[in-house]
Amino acid sequence: MIDKIVAKMPESLSGKEFTYCPGCHHGIVHRLIAEVIDELGIREKTLIVAPVGCSVFAYEFFNVDGTVAPHGRAPAVATGMKRATPDKIVFTYQGDGDLASIGTAEIVHAANRGENITTIFINNAVYGMTGGQMAPTTLLGQKTTTTPYGRDAKANGYPIRMSEMLSTLSGVAYIERVMVTTPQNVIKAKKAIKKAFEAQIKGLGFSLVEVLSTCPTNWGKSPVEAGKWLEENMAKYYPLGVYVDRTKEAE
Amino acid sequence: MKMLFKGSEAIAEAAIRAGCRLYFGYPITPQSELTEYMSRRLPEVGGTFLQAESEVATVNMMYGASCTGKRVMTSTSSPGFSLMMEGISYMAGGELPAVFVNVVRGGPGLGDIQPAQSDYFQATKGGGHGDYRMIVLAPHTIQEAVDLMNLAFDLADKYRMLVTILADGMLGQMMEPVEFPPMRDPNDVPEKDWALTGAKGRPPRKVTSFHIDPYELEKMNLRYQATYKKVEENEVRYEELNTDGADIIVAAYGTMARIVKTVIHMAEKEGIKVGLFRPITLWPFPYKRLNELADTVDTILTVEMSYGQMLEDVRLGVNGKAKTPFYGRSAGVVPTPTEVLDAVKKAIGR
Amino acid sequence: MSTYSVVAAGFGGQGVMLMGKIIAEAAMHDGKKVTWLPSYGPEMRGGTANCTVVISDEDIGSPVVDTPDVVIAMNIPSMIKFEEVLKKDGILLINSSVVDRQPTRKDVKVFKIKANDVADEIGNVKVLNMVALGAFAKASGLITFGSIKKALEETMTGKKKVFLDINIKAVQEGMEKIEKA
Ligand SMILES: Cc1ncc(C[n+]2csc(CCOP(=O)(O)OP(=O)(O)O)c2C)c(N)n1
Ligand code: SF4
Chain A
34 MIDKIVAKMP
44 ESLSGKEFTY
54 CPGCHHGIVH
64 RLIAEVIDEL
74 GIREKTLIVA
84 PVGCSVFAYE
94 FFNVDGTVAP
104 HGRAPAVATG
114 MKRATPDKIV
124 FTYQGDGDLA
134 SIGTAEIVHA
144 ANRGENITTI
154 FINNAVYGMT
164 GGQMAPTTLL
174 GQKTTTTPYG
184 RDAKANGYPI
194 RMSEMLSTLS
204 GVAYIERVMV
214 TTPQNVIKAK
224 KAIKKAFEAQ
234 IKGLGFSLVE
244 VLSTCPTNWG
254 KSPVEAGKWL
264 EENMAKYYPL
274 GVYVDRTKEA
284 E
Chain B
3 MKMLFKGSEA
13 IAEAAIRAGC
23 RLYFGYPITP
33 QSELTEYMSR
43 RLPEVGGTFL
53 QAESEVATVN
63 MMYGASCTGK
73 RVMTSTSSPG
83 FSLMMEGISY
93 MAGGELPAVF
103 VNVVRGGPGL
113 GDIQPAQSDY
123 FQATKGGGHG
133 DYRMIVLAPH
143 TIQEAVDLMN
153 LAFDLADKYR
163 MLVTILADGM
173 LGQMMEPVEF
183 PPMRDPNDVP
193 EKDWALTGAK
203 GRPPRKVTSF
213 HIDPYELEKM
223 NLRYQATYKK
233 VEENEVRYEE
243 LNTDGADIIV
253 AAYGTMARIV
263 KTVIHMAEKE
273 GIKVGLFRPI
283 TLWPFPYKRL
293 NELADTVDTI
303 LTVEMSYGQM
313 LEDVRLGVNG
323 KAKTPFYGRS
333 AGVVPTPTEV
343 LDAVKKAIGR
Chain C
8 MSTYSVVAAG
18 FGGQGVMLMG
28 KIIAEAAMHD
38 GKKVTWLPSY
48 GPEMRGGTAN
58 CTVVISDEDI
68 GSPVVDTPDV
78 VIAMNIPSMI
88 KFEEVLKKDG
98 ILLINSSVVD
108 RQPTRKDVKV
118 FKIKANDVAD
128 EIGNVKVLNM
138 VALGAFAKAS
148 GLITFGSIKK
158 ALEETMTGKK
168 KVFLDINIKA
178 VQEGMEKIEK
188 A
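Residue numbers (our numbering), protein chains in the order written: chain A, 34 to 284; chain B, 3 to 352; chain C, 8 to 188.
Don't read these hints as lab results, they were simulated from the structure. Just so we're clear, the structure is a prediction, and the values are computed from it rather than from any experiment. Note that beta-carbon positions come from the ideal geometry of N, C-alpha and C, so glycine has one too. Treat each hint with caution, since some may be false.
Taking lysine-lysine and the DSS-like style, the derived pairs with C-alpha atoms no more than 25 Å apart in a straight line are [what the hints assert, rightly or not]:
#: 1; chain 1: C; residue 1: K88; chain 2: B; residue 2: K271
#: 2; chain 1: C; residue 1: K94; chain 2: B; residue 2: K347
#: 3; chain 1: C; residue 1: K113; chain 2: C; residue 2: K40
Pair by pair, the computed Cβ-Cβ distance ranges are [said to hold, decoys possible]:
#: 4; chain 1: A; residue 1: P55; chain 2: C; residue 2: V92; range: 55 to 61 Å
#: 5; chain 1: C; residue 1: D66; chain 2: B; residue 2: E46; range: 56 to 62 Å
#: 6; chain 1: B; residue 1: G132; chain 2: A; residue 2: E93; range: 38 to 44 Å
Isolated chain A, as found in the complex (with noise of 0.2 Å):
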């Protein structure tokens, strides 16, 4: 489907063979931020900081600099970069594990320091690369390796909104949750990621995208059957939408 959309390898993919499941949507997903990177002009400034998760390797993937930082704290390193050197593009690619879990701290601060940084997050509601593990953001009732009974609330609490959190925080410049299960959504992700690098840009803080995402291996479930359960149960209690948009009142 993406591939009828853009045939060509964009120039900020290395073209090293991607990890990732079959109907894993990591892999659509650094397509588009990289289709953004060669339109914007920015791949030879900009800097990757990559999660530990299934895109452990995505700065591998992506022909830019970069890194990758411990377990959920990417926003920290990539804090770090930005304030070092302020002219580069940093962001961070992140999961639900890392970044609504272990990593809390460090996105809701750089977040709140409007840190003029873009993160994209990936939400499959399930910890990927350890085997499917329950996440903050898996659903009620979700079966999970570690919520072997279904996710209740009362013993994990419930699925968390980041999207809608970190718009509570004034230093946040772009926050918009999409999806990729259609070409058409497909359309809508890649110019939410476009605004989101904009942002950075034009140096008005912090931006994030988060995408909700398959994971067919660890939901037990065939490509198809995963891009109809999230659109079913996953954009019902995530809202697809912008949470953030501070681009206009710049101009």
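Fit chains B and C with the ligands to the given chain A structure using the hints.
Just chains B and C with the ligands now, with coordinates in the frame of chain A:
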């Protein structure tokens, strides 16, 4: 009856049988099966499983649970154990018992997820700040890991200390037939006259590592030191195999010691008598016995899945009385029996 | 018998881990000491997987083996990787449904089983691992049919119980259809 069990899961079951009903943890390879097993099994026995938001939170949840006098544990692998160091220091300072399982993987940093023994220094020499000690147990088979869980909880309670089971990815991932001890009653644990149970009819109790007056803090530290001394006197454990009349003794622990057991047979066929000295407690380390053995052989070869960490303790024990060469591979690469045999031959000039 | 080691290797989806586990469990029922050691990590996802089973009358030292006595190669990459380290006079069992080339070693005993084809004939290609397991039992004599059956009965419980009979059938077919090359 013996059952074929994965190491991680066997350790979890053994902890439950030792009366542990509280588990806090955060998934990490190669031990997530332990966490997952607890999430299934603890609810069945009326226990509490909680997936924490991080290892930093995990260790502090343990801190709180231990304050109430209940048996509590976690399991993790190297990067997670690093994050727990702050809490471990605070718990040691509060004299709080608890059991940690570190299924070690290759480092430093994110490293890899394959078996290693490169967290020896961190476990035995500190890692956290301050003059504290942890009891460190190193099982070499799944059955031994199971048997040591009871001991771990008992030692923790007896000395009010932290106990770490130092395993590695191989022990965590492999399967072996095991026999479990009977289920212990979780309430059948020693009375804890320091636990925070509510100040009903008695003066309030406090758990703290904070003493602003250095002389007060020194007093506390001297008490910890006295405990550590007692442990050093009473709790040293090790296994010896073939050391009597050996041409060479190999010092190794955990998975590495298992591999040496195979090397003993291989060497025998070539007319070399290899002895094995296997510390079971890495702290307290069996310095004394090693020193005695150093009188009986020319060479004590240390073999590790690291670049030479236990080696430093071996050298302290041997104290110059024998040659102390080293062979090791780390970063998740496990030395094969043939490689170790070659190292043995080289060490004795064959 | 003293100590025997078996490496089972193949693609992620070929069920080699379960095959190894059933071998270990069956040997345990036969009164042997056993260890089962999986490869784990990134190579597992879509790539090749393998496990090592050690079977012995005595306590087992190393679960790591550098020269196995038996190699069960379910695909070409596995055959290439493990043929090399197989012990002299050892057993190389090849899934000839997938491996269309000859091994290079001449100092080992080669057996073949068309695991995919046989499984397909029985009616479920997924049981190809049990076909290979049956062939292994026949070729090596290391485990008995009775204990394989017991191991399967203990593994295929609950929802999986409906697959018990076809798995047992697959083992039997494997024992019969093995060919000495
Ligand atoms: C300190 C520490 N704890 C735990 C881990 C193990 N670990 C690796 S990735 C991961 C979670 C990944 O989940 P997520 O962030 O949702 O990303 P996904 O794999 O789903 O893309 C965990 C817990 C680690 N590497 N470091
Ligand atoms: S495990 Fe899930 S998140 Fe990870 S690559 Fe596979 S599908 Fe994607």
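Hint by hint, here is what the structure shows:
1. Only pairs whose Cα atoms come within 25 Å are accepted, and C:K88 paired with B:K271 is rejected, the gap being roughly 28 Å.
2. Of the supplied pair hints, the one linking C:K94 and B:K347 holds, its CA atoms being roughly 22 Å apart against a limit of 25 Å.
3. Restraint check: the Cα-Cα separation between C:K113 and C:K40 comes to about 31 Å, which exceeds 25 Å; the hinted pair is violated.
4. About 32 Å separates the C-beta atoms of A:P55 and C:V92, a value inconsistent with the hinted range of 55 to 61 Å.
5. Distance hint for C:D66 and B:E46: a CB-CB separation of about 32 Å, inconsistent with the stated range 56 to 62 Å.
6. The hint said 38 to 44 Å for the Cβ distance between B:G132 and A:E93, and at roughly 40 Å that hint holds.
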